[in-house]
Amino acid sequence: MAETADRQSDGAGEPSSAPNQREVKRWLASLARGNRQWIRATVAAGVVSGLATVLQMYFLATLVHRGVVEKVPVTDLTLPFILVLLAIVVRAASQGLQTHMAARCSEDVRRDARRQINRQWQAAGPVAISHASAGELSREWLDHVEALHGYFARYLPQMVLSLIIPLIILVLVFTLDWLAGIFLLLSAPLIPLFMALVGMGAAKLNQQHFQAISRLSGQFLDKVRGLSTLQLFGQTEAASLLIQSRSDHYRRITMKTLRVAFLSSAVLEFFASMAIAVIAIYIGFGLLGYITYGPSDQLTLFSGLLILLLAPEFFQPLRTLSQHYHDRAAALGAGAEILERMDKLGPRFQGDHPKRVTNQAAGPGDRIELQSVTVEYRRGHPVFRNLSLTFEKGSCVALTGPSGGGKSTLLHLLAGFVEPNEGAVSVLGQAPGADSFGWLGQTGFLVNGTWADNLRLTSPQASDIAIETALKNVGLRPLLDSREQGIYSYVSEDGQGLSGGQARRLSLARIFVADYDLILLDEPTAGLDTDSEVYVLEALHKLARAGKTLIFSTHHQALLTLANRMLLVTEGEVHDA
Amino acid sequence: MRELAPWLRLIFQRPVRLTVGGGLILITLASGIGLLALSGWFITETALVGLALAAGAQATINLYTPGGGIRFFALSRTIGRYAERVYNHNTVLRLLTDIRVYLFRRLATTTPVHRSGLSGAQWLSRLTRDVDTLDTLYLRLIAPTALAALVVLLMVVLAGVWFNGTVALWLAVFLSSALLLATLAVFLRTRRISSRQSEREERLRIAVIEHLEGFAELTAAGRTGKHAAWLMRQAQQLSSEQAKADRRVGWHLASSHLLINLAAVFTLWVGFSLFEAGLISGPVLVLLPIALLGLAEVYAALPEAFGKLGATESSAERLSRESDATKWDGTAAKTDLPAGTALIASDLSIRHIDSAPIFMHFNLTVSEGEHLGVVGHSGSGKSSLANALSGLMPAYHGSVSHVPLAYLTQTTVLFEDTLRANLLLAHPQASDAELWQILELVEMAERFGLEADKLDTWLGSAGSRLSGGEARRVGLARVLLSPAPLIILDEPFTGVDAATRKRICQRLEQWLEGKTVIALAHGADALPGTDRMIHLTY
Numbered sequence: 196m197a198e199t200a201d202r203q204s205d206g207a208g209e210p211s212s213a214p215n216q217r218e219v220k221r222w223l224a225s226l227a228r229g230n231r232q233w234i235r236a237t238v239a240a241g242v243v244s245g246l247a248t249v250l251q252m253y254f255l256a257t258l259v260h261r262g263v264v265e266k267v268p269v270t271d272l273t274l275p276f277i278l279v280l281l282a283i284v285v286r287a288a289s290q291g292l293q294t295h296m297a298a299r300c301s302e303d304v305r306r307d308a309r310r311q312i313n314r315q316w317q318a319a320g321p322v323a324i325s326h327a328s329a330g331e332l333s334r335e336w337l338d339h340v341e342a343l344h345g346y347f348a349r350y351l352p353q354m355v356l357s358l359i360i361p362l363i364i365l366v367l368v369f370t371l372d373w374l375a376g377i378f379l380l381l382s383a384p385l386i387p388l389f390m391a392l393v394g395m396g397a398a399k400l401n402q403q404h405f406q407a408i409s410r411l412s413g414q415f416l417d418k419v420r421g422l423s424t425l426q427l428f429g430q431t432e433a434a435s436l437l438i439q440s441r442s443d444h445y446r447r448i449t450m451k452t453l454r455v456a457f458l459s460s461a462v463l464e465f466f467a468s469m470a471i472a473v474i475a476i477y478i479g480f481g482l483l484g485y486i487t488y489g490p491s492d493q494l495t496l497f498s499g500l501l502i503l504l505l506a507p508e509f510f511q512p513l514r515t516l517s518q519h520y521h522d523r524a525a526a527l528g529a530g531a532e533i534l535e536r537m538d539k540l541g542p543r544f545q546g547d548h549p550k551r552v553t554n555q556a557a558g559p560g561d562r563i564e565l566q567s568v569t570v571e572y573r574r575g576h577p578v579f580r581n582l583s584l585t586f587e588k589g590s591c592v593a594l595t596g597p598s599g600g601g602k603s604t605l606l607h608l609l610a611g612f613v614e615p616n617e618g619a620v621s622v623l624g625q626a627p628g629a630d631s632f633g634w635l636g637q638t639g640f641l642v643n644g645t646w647a648d649n650l651r652l653t654s655p656q657a658s659d660i661a662i663e664t665a666l667k668n669v670g671l672r673p674l675l676d677s678r679e680q681g682i683y684s685y686v687s688e689d690g691q692g693l694s695g696g697q698a699r700r701l702s703l704a705r706i707f708v709a710d711y712d713l714i715l716l717d718e719p720t721a722g723l724d725t726d727s728e729v730y731v732l733e734a735l736h737k738l739a740r741a742g743k744t745l746i747f748s749t750h751h752q753a754l755l756t757l758a759n760r761m762l763l764v765t766e767g768e769v770h771d772a
Numbered sequence: 258m259r260e261l262a263p264w265l266r267l268i269f270q271r272p273v274r275l276t277v278g279g280g281l282i283l284i285t286l287a288s289g290i291g292l293l294a295l296s297g298w299f300i301t302e303t304a305l306v307g308l309a310l311a312a313g314a315q316a317t318i319n320l321y322t323p324g325g326g327i328r329f330f331a332l333s334r335t336i337g338r339y340a341e342r343v344y345n346h347n348t349v350l351r352l353l354t355d356i357r358v359y360l361f362r363r364l365a366t367t368t369p370v371h372r373s374g375l376s377g378a379q380w381l382s383r384l385t386r387d388v389d390t391l392d393t394l395y396l397r398l399i400a401p402t403a404l405a406a407l408v409v410l411l412m413v414v415l416a417g418v419w420f421n422g423t424v425a426l427w428l429a430v431f432l433s434s435a436l437l438l439a440t441l442a443v444f445l446r447t448r449r450i451s452s453r454q455s456e457r458e459e460r461l462r463i464a465v466i467e468h469l470e471g472f473a474e475l476t477a478a479g480r481t482g483k484h485a486a487w488l489m490r491q492a493q494q495l496s497s498e499q500a501k502a503d504r505r506v507g508w509h510l511a512s513s514h515l516l517i518n519l520a521a522v523f524t525l526w527v528g529f530s531l532f533e534a535g536l537i538s539g540p541v542l543v544l545l546p547i548a549l550l551g552l553a554e555v556y557a558a559l560p561e562a563f564g565k566l567g568a569t570e571s572s573a574e575r576l577s578r579e580s581d582a583t584k585w586d587g588t589a590a591k592t593d594l595p596a597g598t599a600l601i602a603s604d605l606s607i608r609h610i611d612s613a614p615i616f617m618h619f620n621l622t623v624s625e626g627e628h629l630g631v632v633g634h635s636g637s638g639k640s641s642l643a644n645a646l647s648g649l650m651p652a653y654h655g656s657v658s659h660v661p662l663a664y665l666t667q668t669t670v671l672f673e674d675t676l677r678a679n680l681l682l683a684h685p686q687a688s689d690a691e692l693w694q695i696l697e698l699v700e701m702a703e704r705f706g707l708e709a710d711k712l713d714t715w716l717g718s719a720g721s722r723l724s725g726g727e728a729r730r731v732g733l734a735r736v737l738l739s740p741a742p743l744i745i746l747d748e749p750f751t752g753v754d755a756a757t758r759k760r761i762c763q764r765l766e767q768w769l770e771g772k773t774v775i776a777l778a779h780g781a782d783a784l785p786g787t788d789r790m791i792h793l794t795y
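As they're listed, the protein sequences go chains X and P.
For the first sequence, my numbering begins at 196 and goes up steadily by one.
For the second sequence, my numbering begins at 258 and goes up steadily by one.
Any given hint could turn out to be false.
With beta-carbon atoms standing in for the labels, derived distance ranges [said to hold, decoys possible]: (1) Y485/X x T423/P: 33 to 43 angstroms; (2) R362/P x V729/X: 48 to 58 angstroms; (3) N759/X x S656/P: 45 to 55 angstroms; (4) D338/X x R351/P: 21 to 31 angstroms; (5) I448/X x G597/P: 53 to 63 angstroms; (6) R351/P x G429/X: 40 to 50 angstroms; (7) Y572/X x G479/P: 20 to 30 angstroms; (8) D712/X x W487/P: 19 to 29 angstroms.
If we take Cβ atoms under 10 angstroms as the criterion, some of the chain P residues that face chain X in the derived model are [unchecked claim]: (9) L320; (10) L461; (11) Q493; (12) V506.
To give an idea of the chain X side of the interface with chain P (calculated C-beta under 10 angstroms), a few residues [claimed, not checked]: (13) S244; (14) G291; (15) L337; (16) L437; (17) D443; (18) R446; (19) S460; (20) A506; (21) P655; (22) Q656; (23) I660.
Everything labelled a hint here was simulated from the structure, so no lab data went into it.
Cβ coordinates follow ideal geometry from the N, Cα and C atoms, glycine included.
Could you put together the complete structure from these sequences and hints?
Okay, here's the thing in structure tokens:
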């Protein structure tokens, strides 16, 4: 489905700031550094498991040699049997421990990543947050961070293991028979080179596979998204045939490239199989004494069998790594998107605690002051230039003027959501945002929970009576009375949700409960039904009478009459009207 | 498991492909095991013969058969692996299509508006995640389990033939308990966690969205930090549950490997006594334990796949619920209309699933050829009314009857397809000339005339980008193209500038001559000419 351009223009004008892969890798490395001990423990368990495997094979070969060649009766082989059992148990235990630690490590990494994003959100502030889609931000916080799991739990440890374990085996095989060692080495010419080969193939494969899936899903989703339209035109069957034929088309294209991409894993498979075959035949001929050069006259059933048993273990870590390669791709992709968002939200946050409170000078405690404030979102296009304003404590100020004239920016300045490029703002003797205040946006905000949960979200200490009073003040009492458990009934219950107006009144109730000195409201009555409008007006009236400082933007006549001061905000100019 | 049944049936509709694919995997696995086992046999045989030769005894050995066998297995493993991967990926992509087409057909029978309580985007992303989990059902779960069972059977039979019945019986016990440990046991031990997981994740997702939507209010109250900490705890709980499941999967894998290794050692131990009794030869004694060691590879991927089965199950359940939702009877014309009437709504009440009724006891009669305007503020329920009149949204109470209609919904819906395909939806038989004529009417003919592909210009993210107003006009053109006698237009000119709107309106009046039109907008100036006007108030 084609998105309309207004939605697409969002961010399209900015220069592309996609972080490069190096930056993403650096970020992943920094996450890994914080959880070094778990990654090390995972690798250590993997190494122990590898060593136990080598020992298991060693004792198995010993057993076969002593039983078959030396004809030692089975009753005398108790010790090697016990040792092999011991090796097996250690192997299984360390294998289990490896996944245990890996799970733990990834758990911590994900927590750290989420914390970082949270801090970034907090540092960016509500205005920047409101410019991004909540759905996308939440997807990054949840799904993208989740996508890091495989990288830290599987790929990263396996990467180290696929170096260490083959090396251990190689050394052992060389001491047993250097020619067999050379066969192993030749079949994996240089392990890094081999890994690169695996990596390239797997990366290509992944890319292709995911591209295919996303294309197929894209086709499907496009049609599902527009399903109502298709139903209205009676074209659903045609659309399902189209999904089928398009999907088929993509499948054919994808298979063409996959056929090539799979070759790289086939190469790994080929080398692994051939190495085993060549080693087996070499050992066999050596044992028969057919080979007259090299170390083969030293071969015994023990050393020969051990080499054979170790050969597959030599390749196993690499094969596992290639299976986990998609974890790397997924983490890089997710990491890139997370970083891109962080960069968009502002300078990347490094410290421990987000500092939103600025160094603006504290002013007199009985008024709100803006001193020669300049705000510009884009260079050379100031919203306000050199603006100075004073509001008395306890006044009720209406901001009016055309949309885009700067009403919201003024409110954001007072809220501390936006910092002035120049000048200073002080709110009742504090920097803006230093003290909590009431804020009512254009959309009501409610959480999935009870009425009490919703009000205690901002005022955790509020008593039941205070909550009931606040809800009464915004005219939600009748609704509350209809619910069985009063303020402890769920806001959305039995399919009875809240209308937009009721939701905004709920938000207003939060302000009543909290007893703030300053209350900022952005178009508090815009788009409300008459019922809600009356209640909101009445509530604001009560707040004004209670001596609160109210500053709101509005076009609404009734609200304008409520104010004892009216300001006209147009094109960066603010005048008393 | 019942929830999976329809999807399993769908997958098994390709029995030949599944069998061939499974056969290829079997060849690969058997070759891998065969390669090792035969090599072990060969080395032992040569070692014994070599010793005999060294001792001066007369001994002969057939080098060609085992040597050839080893080379054969090495090759068949490589080729098998490659063929298996190519073939099975093809199968997976086919199944992917099957699953999506099947689901789409089922969804197409449900009521369009409010397919679930979630918002459109959320619903869609959850649907995507749910469908994705079904994709791997065959390659990760069905095929490996079936083949592991088959290989186990093969091993047991070989043990019976080469060793004896008792060994075979014990092996059967060892290996099938390892198989159960790697499959069913993992499923049962992770089922609750992983089926709850997606539900929890959904709840957390909603909470995160709430956090972001209320960010200004929370910041004002100085509560962002506390609320974020609460979210962190929820997420932590989620990932620690996930880690718990992961750990269980890991331990199950480790213990199934332990059992396999124990089986190998056991076979060796019993084999020694058979060897001492002269019942089997040394090489055969070595062959079976080594083959058993190779089984680990067959089992390796099973626990992880079964660890996710719980989630797959609940995804399948959600998808079934979704596609079994209220059936939609379509916008088909009703026959009980008096002559000369295009639409009758009687005693109509509409409400969204989670809120109070928007309209109650609404009555409306629109005669044929009438042009009705409906005007109301945003939020006055215009779109809901249009949805209800068109049948897109089921009436909560009362009824609507109408002649066949075409409906321009408030949001512009264009598909990622060519301009032609997008337009033809409304009137599949329309000729190119008709398409150009209608584009001319909405003043888009020139725009697409300049495109290289003309009517075949690709729309959507990958193709030509339309502005909001342009997309709206294409949507309008599509509805106008429809031969239906009743046309409902909801805010037909969103994003279209006043001058263009005026010109289009003039032409529109001519075009709509003789058709019944219901046009809805926030103000009368955003509507084409009307005979009658209804004002909606709160």
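Hint by hint, here is what the structure shows:
For Y485/X and T423/P, the Cβ-Cβ distance of about 39 angstroms falls inside the hinted range of 33 to 43 angstroms, so the restraint holds. At about 50 angstroms, the CB distance of R362/P to V729/X agrees with the hint of 48 to 58 angstroms. Evaluation of the 45 to 55 angstroms hint for N759/X and S656/P yields a pass: the beta carbon distance comes to about 54 angstroms. For D338/X and R351/P, the Cβ-Cβ distance of about 27 angstroms falls inside the hinted range of 21 to 31 angstroms, so the restraint holds.
About 55 angstroms separates the C-beta atoms of I448/X and G597/P, a value consistent with the hinted range of 53 to 63 angstroms. Checked against the hint of 40 to 50 angstroms, the C-beta distance between R351/P and G429/X comes to roughly 28 angstroms, which is inconsistent with it. Here the CB-CB span from Y572/X to G479/P is close to 25 angstroms, well matched to the stated 20 to 30 angstroms. Between D712/X and W487/P the C-beta distance comes to about 26 angstroms, which sits within the given range of 19 to 29 angstroms.
The interface hint given for L320/P is met, as the beta carbon of that residue sits about 8 angstroms from the closest beta carbon of chain X, less than 10 angstroms. Proximity of L461/P to chain X holds as hinted, the smallest CB-CB distance being about 7 angstroms (cut-off 10 angstroms). With its C-beta approaching chain X no nearer than about 6 angstroms, Q493/P sits inside the 10 angstroms limit, and its interface hint holds. About 7 angstroms separates the beta-carbon of V506/P from the nearest beta-carbon of chain X, less than 10 angstroms, and the hint is met.
Look at S244/X: its Cβ gets to within about 9 angstroms of chain P, closer than 10 angstroms, so that hint holds up. About 4 angstroms separates the beta-carbon of G291/X from the nearest beta-carbon of chain P, less than 10 angstroms, and the hint is met. At a threshold of 10 angstroms, the smallest CB-CB gap from L337/X to chain P is about 6 angstroms, leaving the interface hint in force. Here the hint on L437/X is kept, as its CB sits about 8 angstroms from the closest CB of chain P, short of 10 angstroms.
Nearest Cβ of chain P to the Cβ of D443/X: about 7 angstroms, under the 10 angstroms cut. The hint holds. About 4 angstroms separates the beta-carbon of R446/X from the nearest beta-carbon of chain P, less than 10 angstroms, and the hint is met. Satisfaction of the interface hint for S460/X is found here, the shortest Cβ-Cβ separation to chain P being roughly 7 angstroms, below the 10 angstroms cut-off. Interface restraint check: A506/X against chain P, minimum CB-CB distance 9 angstroms, threshold 10 angstroms, status holds.
The closest approach between the C-beta of P655/X and any C-beta of chain P is roughly 8 angstroms, which is under the 10 angstroms cut-off, so the hint is satisfied. With a cut of 10 angstroms, the hint placing Q656/X at the interface with chain P is violated, because the nearest CB-to-CB distance is about 12 angstroms. Taken as an interface hint, I660/X does not check out: its beta carbon lies about 20 angstroms from the nearest beta carbon of chain P, beyond 10 angstroms.
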